[in-house]
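Visitor: Below, each chain spelled out in residue letters.
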Amino acid sequence: MTPEAEIDTLPQHGQAADELPGPRTPKMRARDISVFYGDKQALKDVSIDIHDDRVTAFIGPSGCGKSTFLRCLNRMNDTIPAARVTGRIELDGEDINSSKMDVVQLRARVGMVFQKPNPFPKSIYENVAYGPRIHGLATGRQELDEIVENSLKRAGLWDEVKDRLQDSGTALSGGQQQRLCIARTIAVDPEVILMDEPASALDPIATAKIEELIHELRGRYAIAIVTHNMQQAARVSQRTAFFHLGELIEYGKTKDIFTNPRHQRTQDYITGRYG
Amino acid sequence: MNRPGSSAAAASRWTDGSMDSRVRRRYAAERRFRLIGLAAVSLSALFLAFLLITMAWRGVGGFTQVQAAVPVDFPRSDLILDPAALRGDEARQAIAGADLEGILAQSATVAYGARAKDLFGTAAARDLGSRLIGDPDLLRERAILWLPVASGIGQAAKGDGSAEAEQLASQLEQRDLLRTRFNLGFLTQSDATDPSAVGVWGALKGSFFTILVTILIAFPVGVLSAVYLEEFAPRNRWTDLIEVSINNLAAVPSIIFGLLGLAVFLNFMHLPRSAPLVGGMTLALMTMPVIVIAGRNAIKSVPPSIRDAALAVGASRMQVIFHHVLPLALPGILTGTIIGLARALGETAPLLMIGMRAFIATPPDGIADPATVLPVQIFLWSDEVSRGFVEKTSAAIIVLLIFMLLMNGLAIYLRNRFEQRW
Numbered sequence: 001m002t003p004e005a006e007i008d009t010l011p012q013h014g015q016a017a018d019e020l021p022g023p024r025t026p027k028m029r030a031r032d033i034s035v036f037y038g039d040k041q042a043l044k045d046v047s048i049d050i051h052d053d054r055v056t057a058f059i060g061p062s063g064c065g066k067s068t069f070l071r072c073l074n075r076m077n078d079t080i081p082a083a084r085v086t087g088r089i090e091l092d093g094e095d096i097n098s099s100k101m102d103v104v105q106l107r108a109r110v111g112m113v114f115q116k117p118n119p120f121p122k123s124i125y126e127n128v129a130y131g132p133r134i135h136g137l138a139t140g141r142q143e144l145d146e147i148v149e150n151s152l153k154r155a156g157l158w159d160e161v162k163d164r165l166q167d168s169g170t171a172l173s174g175g176q177q178q179r180l181c182i183a184r185t186i187a188v189d190p191e192v193i194l195m196d197e198p199a200s201a202l203d204p205i206a207t208a209k210i211e212e213l214i215h216e217l218r219g220r221y222a223i224a225i226v227t228h229n230m231q232q233a234a235r236v237s238q239r240t241a242f243f244h245l246g247e248l249i250e251y252g253k254t255k256d257i258f259t260n261p262r263h264q265r266t267q268d269y270i271t272g273r274y275g
Numbered sequence: 001m002n003r004p005g006s007s008a009a010a011a012s013r014w015t016d017g018s019m020d021s022r023v024r025r026r027y028a029a030e031r032r033f034r035l036i037g038l039a040a041v042s043l044s045a046l047f048l049a050f051l052l053i054t055m056a057w058r059g060v061g062g063f064t065q066v067q068a069a070v071p072v073d074f075p076r077s078d079l080i081l082d083p084a085a086l087r088g089d090e091a092r093q094a095i096a097g098a099d100l101e102g103i104l105a106q107s108a109t110v111a112y113g114a115r116a117k118d119l120f121g122t123a124a125a126r127d128l129g130s131r132l133i134g135d136p137d138l139l140r141e142r143a144i145l146w147l148p149v150a151s152g153i154g155q156a157a158k159g160d161g162s163a164e165a166e167q168l169a170s171q172l173e174q175r176d177l178l179r180t181r182f183n184l185g186f187l188t189q190s191d192a193t194d195p196s197a198v199g200v201w202g203a204l205k206g207s208f209f210t211i212l213v214t215i216l217i218a219f220p221v222g223v224l225s226a227v228y229l230e231e232f233a234p235r236n237r238w239t240d241l242i243e244v245s246i247n248n249l250a251a252v253p254s255i256i257f258g259l260l261g262l263a264v265f266l267n268f269m270h271l272p273r274s275a276p277l278v279g280g281m282t283l284a285l286m287t288m289p290v291i292v293i294a295g296r297n298a299i300k301s302v303p304p305s306i307r308d309a310a311l312a313v314g315a316s317r318m319q320v321i322f323h324h325v326l327p328l329a330l331p332g333i334l335t336g337t338i339i340g341l342a343r344a345l346g347e348t349a350p351l352l353m354i355g356m357r358a359f360i361a362t363p364p365d366g367i368a369d370p371a372t373v374l375p376v377q378i379f380l381w382s383d384e385v386s387r388g389f390v391e392k393t394s395a396a397i398i399v400l401l402i403f404m405l406l407m408n409g410l411a412i413y414l415r416n417r418f419e420q421r422w
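Protein chains in written order, with our numbering: chain F, 1 to 275; chain U, 1 to 422.
Next up, chain F with everything else stripped away, as it sits in the complex (with noise of 0.2 Å):
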């Protein structure tokens, strides 16, 4: 069975979400994105369109750039002091790195979830509620509970943790932790959410759950996923944009990058030749 007839015969969620009709607006514009760590460039004049609506996954072998440029796109480079951004990305049309944005409420605006499940050592609840605690987003009590308890809910972790809110976030198993992180993430209210690997600690069955959240977030944000795992990129993502080497090699379609990649090493990397 050849990769690209096996990806056929994989669910394709949310497919419908492409024919969606009319030139759209991307929620994230990037364009010509280089970053260099000291004198090393890891990013090559890579642009992309992120759009609202839609998964945009990530892919490439390691060192590729794609967490790189993942993080470029709600400045956790920042935290880097050797790292330098260069190039212009766009949030609603609004340049993210120019001094009218606060970096801080870009990240509340622009979500991330990691590799390795970081929940804070605090209770489940604390983890949740974080968040809109410091921005200010509920009012009393009530509300925040409220929060918490939505949040909870969209990242499919209400029930399995509704009668231990107070039990320590770092008690939980690692799928747990990883949807306990989503639900961090979404308490603020984001409107992009990013994922750097999100399943890649994992095993199957908690990786399911993670990317059957994935489809169910969809309709709300715009998400863009880094997968190493080309056939979670396949099954979560409309559309996919190949690294290699710090720079953007193709970006399209799932569909299309899958079955009918227009470049030689998307074809080499997605049938196994090399990553």
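Please note that the accuracy of each hint is not assured.
[Stated by the list, open to error] With a straight-line cut-off of 20 Å between C-alpha atoms, the simulated EDC-like cross-links for lysine to aspartate or glutamate are:
1) U/K300 <-> F/D78
2) F/K122 <-> U/E419
3) F/K116 <-> F/D102
4) F/K122 <-> F/E149
5) F/K153 <-> F/E191
6) F/K122 <-> U/D308
7) F/K116 <-> U/D308
Derived by calculation from the structure, the hints in this document are not laboratory data.
Dock chain U against chain F, hints included.
Guide: Below, chain U without anything else, positioned relative to chain F:
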């Protein structure tokens, strides 16, 4: 690898004689290493036990006092003291003006002969004074009083005095006129010239005020420096220089800090000499680098994933630090702080330089009063000629060790209490 017989040769290699002896050597090496390790641990345990046992054995006498019974006939004595004067506010002054030591010498001579002239010392006079204030009517009668004997007799009763004193002590003992009691005065009194009258209360209070000043200065300054250097300061030549300086500062001999305190706080700023304020400031200089280093390490060991998590939900840098990093680093910071403070509590040398070695007989009432601290008190007593100070020195060391143990216990408690696991 496909040669016939090679796998058979490999199999036999694990069972032949040379392999056996190699295995035996390996086991022997491990046994040897364990024995050496055990010996090292035993040796250090032995030293510790030796220290504690000698201190306890010598020091326990410092917590007791020998008392002798003496009949005092107040109405017929030369004492000019009006019971009415002892009921007013000036009671202490009246007692201070009376020659109680003279009365005691006189009474002892009457009861036990001329040899007993020095049976009682300042401690007895002090006790008698406070007893008279408590019960002025005592002055109207002839009473038999139990009073602490002078240091020489006390030593003799404990079997370590001059021949003459020992003779008197054994005579009194035969007549059941001597007894040994817990010496509360050792914990409630201050320094004195007579070893039977000394106490550690003044030094304890001095230590308390000094450490208080040290905590109030060193903890906030140290923690803020650690946070700033770790979280905000840019990495450049200046911060490197500061880091090296702080590490060096932690290794500077403590007497140098004393000289610094003398030059800056006393000679330049003209702060009060011998005061816990200056002592605490000097010790704060010494403790601060320890707190900075411990704090930086604790902050550094907070996993970056927690910072990322907080940043990604839109926490500002300050919120990341105060909501997440500091709470997680707190056990490490507190442990470092308490270890630094315990070192400061046991420090002598820098305090000698700023005049805390003065003889101070009244406990300090504040951080600006002249005071001494426990380790300096120990140093001063160990220097005294009188035999009676030997056991007092050991007893004071026991008090200091108990304080150290309490502080270290607190450090362990805090570490376990606040430690978060993830």
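Visitor: Checking each numbered hint in turn, tell me which of them this model violates, lowest number first.
Guide: 3
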